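Visitor: Chains A and B, in that order, are what the protein sequence lines are.
Residues 1 to 69 (our numbering) are what the first sequence spells out, left to right.
Residues 1 to 174 (our numbering) are what the second sequence spells out, left to right.
Calculated directly from the structure, the hints in this document are not laboratory data.
Watch out, some of these pointers could steer you wrong.
[Said to hold, decoys possible] Within a straight-line C-alpha distance of at most 20 Å, the following computed EDC-like cross-link-like pairs (lysine to aspartate or glutamate) qualify:
(1) Lys-39(A) with Glu-169(B)
(2) Lys-41(A) with Glu-169(B)
(3) Lys-36(A) with Glu-168(B)
(4) Lys-39(A) with Asp-8(A)
(5) Lys-36(A) with Asp-171(B)
(6) Lys-39(A) with Glu-168(B)
(7) Lys-41(A) with Glu-53(B)
(8) Lys-41(A) with Asp-171(B)
(9) Lys-36(A) with Asp-119(B)
Here the structure is a predicted model, which means the values were calculated and not measured.
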Amino acid sequence: MPIRINLDLMLENRNMKSNELAEAVGITTANLSILKTGKAKAVRFSTLEAICKILDCQPGDILEYIEEE
Amino acid sequence: MRTVDSIKPPIILKTILDILFWVLIISYIFGLPVIILALFQDVPVKINNYNVEEFSAGIIAAIVLSFLNSAVFIYIVYLFRKVVRNFFKRKLFTHIQISGLKLIGQLIIFTSLAEMAIDILTMLFNENRARIGITLDSTFDSLWFTLALGLFFILLSKSFSYAGKLQEESDLTV
Numbered sequence: 001m002p003i004r005i006n007l008d009l010m011l012e013n014r015n016m017k018s019n020e021l022a023e024a025v026g027i028t029t030a031n032l033s034i035l036k037t038g039k040a041k042a043v044r045f046s047t048l049e050a051i052c053k054i055l056d057c058q059p060g061d062i063l064e065y066i067e068e069e
Numbered sequence: 001m002r003t004v005d006s007i008k009p010p011i012i013l014k015t016i017l018d019i020l021f022w023v024l025i026i027s028y029i030f031g032l033p034v035i036i037l038a039l040f041q042d043v044p045v046k047i048n049n050y051n052v053e054e055f056s057a058g059i060i061a062a063i064v065l066s067f068l069n070s071a072v073f074i075y076i077v078y079l080f081r082k083v084v085r086n087f088f089k090r091k092l093f094t095h096i097q098i099s100g101l102k103l104i105g106q107l108i109i110f111t112s113l114a115e116m117a118i119d120i121l122t123m124l125f126n127e128n129r130a131r132i133g134i135t136l137d138s139t140f141d142s143l144w145f146t147l148a149l150g151l152f153f154i155l156l157s158k159s160f161s162y163a164g165k166l167q168e169e170s171d172l173t174v
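Based on the provided sequences and hints, a complete structural model is requested.
Guide: Here it is in structure tokens:
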């Protein structure tokens, strides 16, 4: 998928664990894992908003477009 | 909107299909020796509302085809039973449901057309005449209704396939 999710990097920079983020955002760890592994088909604005608020970042810091070869 | 958990298993439908399936199997097993006996003893038989007294090669072919068509009908009931049983797992839009409904629809169309062909064949060999025309029955025996039913099953399969994709997308929305 040409959209890369940089959540791992963001979590590492903030010394935060996946389950802590999932709990803070209000989603299951299974759903967060789907997002991190790039299996997600769509992201709700409410989820994106909550992630940005907790990680204090912009949507562009989490989502990155990579051109496919 | 109803969730998958709130859908009750179709117990009555399953029971009806179970009874129908086993009655058909038993009648099919016992029907085979009766037909063979009728062929050798020259006992008059009835195929698609035609009384057959002389067994020419064409009539025997019509009997065999009629018997094979009955086997396909039993297979349709078996598939229907399998699809209905799949609903007991409380999962919707599964591969068994999608492919099963499609195959049931295709086989319903096939058996209806085969029955029409057998009808023409029996008339041709029994009465030395053929008749092709459009008839409209006001019962469930109607060919048009059966064809529509087959197409409806195919439509249902396509709808299930589409719904399955939507559900997958919904499941993968975070």
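Visitor: Hint by hint, say whether it matches the structure.
Guide: Here is what the structure says about each hint:
no.	hint	in the structure
1	Lys-39(A) with Glu-169(B)	holds, 10 Å
2	Lys-41(A) with Glu-169(B)	holds, 6 Å
3	Lys-36(A) with Glu-168(B)	holds, 18 Å
4	Lys-39(A) with Asp-8(A)	holds, 15 Å
5	Lys-36(A) with Asp-171(B)	holds, 15 Å
6	Lys-39(A) with Glu-168(B)	holds, 11 Å
7	Lys-41(A) with Glu-53(B)	violated, 67 Å
8	Lys-41(A) with Asp-171(B)	holds, 9 Å
9	Lys-36(A) with Asp-119(B)	violated, 63 Å
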